[in-house]
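Which chain is which? The protein sequence lines are L and R, in order. Quick note on numbering: our numbering labels position 21 of the first sequence as 21, and the sequence is numbered without any gaps. Quick note on numbering: our numbering labels position 107 of the second sequence as 107, and the sequence is numbered without any gaps.
In short, the hints are calculated from the structure, not lab data. One thing to keep in mind: the hints can contain errors.
SDA-like cross-link-like pairs, simulated, lysine to any residue; straight-line CA separation at most 25 Å [said to hold, decoys possible]:
hint : chain 1 : residue 1 : chain 2 : residue 2
1    : R       : K134      : R       : P83
2    : R       : K134      : R       : D73
3    : R       : K134      : L       : I96
4    : R       : K134      : L       : A129
5    : R       : K134      : L       : A136
6    : R       : K134      : R       : D81
7    : R       : K134      : R       : P121
8    : R       : K134      : L       : D58
9    : R       : K134      : L       : V144
10   : R       : K134      : R       : T76
11   : R       : K134      : L       : A132
12   : R       : K134      : L       : L120
13   : R       : K134      : R       : R78
14   : R       : K134      : R       : I80
15   : R       : K134      : L       : A56
16   : R       : K134      : L       : R57
17   : R       : K134      : L       : I49
18   : R       : K134      : L       : G54
19   : R       : K134      : L       : Q89
20   : R       : K134      : R       : N77
21   : R       : K134      : L       : R122
22   : R       : K134      : R       : I74
23   : R       : K134      : R       : P75
24   : R       : K134      : L       : Q6
25   : R       : K134      : L       : M135
26   : R       : K134      : L       : G95
27   : R       : K134      : L       : R59
28   : R       : K134      : R       : R79
29   : R       : K134      : L       : A48
30   : R       : K134      : L       : R125
31   : R       : K134      : R       : R82
Just the calculated beta-carbon pair ranges, DEER-fashion [to be verified]:
hint : chain 1 : residue 1 : chain 2 : residue 2 : range
32   : L       : L123      : R       : S37       : 32 to 38 Å
33   : R       : L68       : L       : V140      : 30 to 36 Å
34   : L       : L152      : R       : D73       : 35 to 41 Å
35   : L       : V50       : R       : L4        : 24 to 30 Å
36   : L       : G150      : R       : R136      : 35 to 41 Å
37   : R       : A135      : L       : Q6        : 39 to 45 Å
38   : R       : L55       : L       : R57       : 42 to 48 Å
39   : R       : R79       : L       : P51       : 25 to 31 Å
40   : L       : G81       : R       : S71       : 34 to 40 Å
Don't be surprised by glycine CBs; every beta carbon is placed ideally from N, CA and C.
What follows is each chain in one-letter form.
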Amino acid sequence: MQIVTQTAFTPWASLGGGILIGLSAVMVMALFGRIAGIAGISQGALGAIVPLQGAARDRDWRWAFLLGLLAAPLAILAFGGSVVQTVPQNLPAMGIAGLLVGVGTALGSGCTSGHGVCGLARLSRRSLAAVATFMAAGFVTVFVIRHVMGGL
Amino acid sequence: MRILWGFLSGLVFGLGLVISGMSDPAKVLNFLDLAGSWDPSLAFVMGGATITTFLGYRMAWRRPAPVLDTSFDIPTNRRIDRPLLTGAALFGIGWGIGGFCPGPAFTALPLLAPGTLVFVPAMLVGLWIGARIKARGLSDMKGASA
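Looking at chain R on its own, in the form it has when it is part of the complex:
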């Protein structure tokens, strides 16, 4: 059951990415290009997704526990710290270069564009490196923290 529903959740997410245009790097880069060929479509993606999630979460949390697990696991960290801002800044730079964030990069994979085939393995290596840096702490890291 967990496998089936996990697959269906991913499928719905992926269909949303493709239909919304979020899986097209050209559209993402044009959204980020305020001074040029600006395409505001992605604001509608974020708006539709966030409002749906805001309402749906409140319905889901009425139950004492999720349907296929024992408890809700919701982030409790509230600190706006250096790893958060450094990480978000690095992510934003990469997003601005490639036009891909993690979800759309995965959905684009089966279409086999050369840029995607380079991006996704590099992203997985990056996730591994990032997890190591985070685990070791940021004390010795010189980052461009905002």
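The shape of chain L in the complex, shown without the other chains:
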């Protein structure tokens, strides 16, 4: 049973956090000339461990970027902040979800950051089509799980 956790509407924190995400995407473009898509960055980093066709070769900054992502919540905790998080507890469902997210972003060449933030900022119609598709799929999936199945 998936319990719905109520969350507060946080327009200012979300806007501020969004601007930081955008700033990072601009840093990656200005410094490395690349799209800051996390799926693509992960694939490039993964390509250093296992053979992966089509993975990017410039792995140095990609590994460092992922370490930076991992360091972020620890930095917030170290400076006395709090990180609020409720992760679904149905582990088989989380395994299936992870698999779908991995396969889907590899096949679709991008995720919320690559197609969403960077693609929309480039005014790419291909990215807009991807964003419309994954948003629609997300809305339908949550509707079916919560309002048809009554939770996982």
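Fit chain R to the supplied structure of chain L, relying on the hints for placement.
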């Protein structure tokens, strides 16, 4: 230099994810729950990030080349094809089940929630499988293409 700036870029991205609430699956799932406990916060995340990137990219592209690399590498594919839409649909379903997309899943990893510890390895396996399917072509794949 590349390592240091790569790390800092990732750190800023991760701080943005945590501060914005995007790294909390409960918030993501509530954003996707239009018919229930809808939380519109994530529209502000996407808006703030996309507008900042739109403006910043145009400043970055005024230079002939990026600071730490030889050339800009920007996707040139414009085709709205079957792998794109099938992949995006599969991703959206997984996003709706778990409340994680790739970035937030990584930032959530050090907090060691059991759901995250299952999700991230499964996602990495998925990325590997997806890359293989894409490389082999989609001719023999029966997908729910939109």
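Here is how each hint holds up against the structure:
no.: 1; hint: R:K134 <-> R:P83; in the structure: holds (7 Å)
no.: 2; hint: R:K134 <-> R:D73; in the structure: holds (20 Å)
no.: 3; hint: R:K134 <-> L:I96; in the structure: holds (20 Å)
no.: 4; hint: R:K134 <-> L:A129; in the structure: holds (18 Å)
no.: 5; hint: R:K134 <-> L:A136; in the structure: holds (23 Å)
no.: 6; hint: R:K134 <-> R:D81; in the structure: holds (12 Å)
no.: 7; hint: R:K134 <-> R:P121; in the structure: holds (20 Å)
no.: 8; hint: R:K134 <-> L:D58; in the structure: holds (20 Å)
no.: 9; hint: R:K134 <-> L:V144; in the structure: violated (29 Å)
no.: 10; hint: R:K134 <-> R:T76; in the structure: holds (17 Å)
no.: 11; hint: R:K134 <-> L:A132; in the structure: holds (21 Å)
no.: 12; hint: R:K134 <-> L:L120; in the structure: holds (23 Å)
no.: 13; hint: R:K134 <-> R:R78; in the structure: holds (17 Å)
no.: 14; hint: R:K134 <-> R:I80; in the structure: holds (15 Å)
no.: 15; hint: R:K134 <-> L:A56; in the structure: holds (15 Å)
no.: 16; hint: R:K134 <-> L:R57; in the structure: holds (18 Å)
no.: 17; hint: R:K134 <-> L:I49; in the structure: holds (19 Å)
no.: 18; hint: R:K134 <-> L:G54; in the structure: holds (9 Å)
no.: 19; hint: R:K134 <-> L:Q89; in the structure: violated (31 Å)
no.: 20; hint: R:K134 <-> R:N77; in the structure: holds (14 Å)
no.: 21; hint: R:K134 <-> L:R122; in the structure: holds (24 Å)
no.: 22; hint: R:K134 <-> R:I74; in the structure: holds (19 Å)
no.: 23; hint: R:K134 <-> R:P75; in the structure: holds (16 Å)
no.: 24; hint: R:K134 <-> L:Q6; in the structure: violated (38 Å)
no.: 25; hint: R:K134 <-> L:M135; in the structure: holds (22 Å)
no.: 26; hint: R:K134 <-> L:G95; in the structure: holds (21 Å)
no.: 27; hint: R:K134 <-> L:R59; in the structure: holds (21 Å)
no.: 28; hint: R:K134 <-> R:R79; in the structure: holds (15 Å)
no.: 29; hint: R:K134 <-> L:A48; in the structure: holds (19 Å)
no.: 30; hint: R:K134 <-> L:R125; in the structure: holds (21 Å)
no.: 31; hint: R:K134 <-> R:R82; in the structure: holds (11 Å)
no.: 32; hint: L:L123 <-> R:S37: 32 to 38 Å; in the structure: holds (33 Å)
no.: 33; hint: R:L68 <-> L:V140: 30 to 36 Å; in the structure: violated (42 Å)
no.: 34; hint: L:L152 <-> R:D73: 35 to 41 Å; in the structure: holds (40 Å)
no.: 35; hint: L:V50 <-> R:L4: 24 to 30 Å; in the structure: holds (27 Å)
no.: 36; hint: L:G150 <-> R:R136: 35 to 41 Å; in the structure: holds (39 Å)
no.: 37; hint: R:A135 <-> L:Q6: 39 to 45 Å; in the structure: holds (43 Å)
no.: 38; hint: R:L55 <-> L:R57: 42 to 48 Å; in the structure: violated (30 Å)
no.: 39; hint: R:R79 <-> L:P51: 25 to 31 Å; in the structure: holds (27 Å)
no.: 40; hint: L:G81 <-> R:S71: 34 to 40 Å; in the structure: holds (39 Å)
In the structure shown, a violation is registered for the earlier hints numbered 9, 19, 24, 33 and 38, in ascending order.
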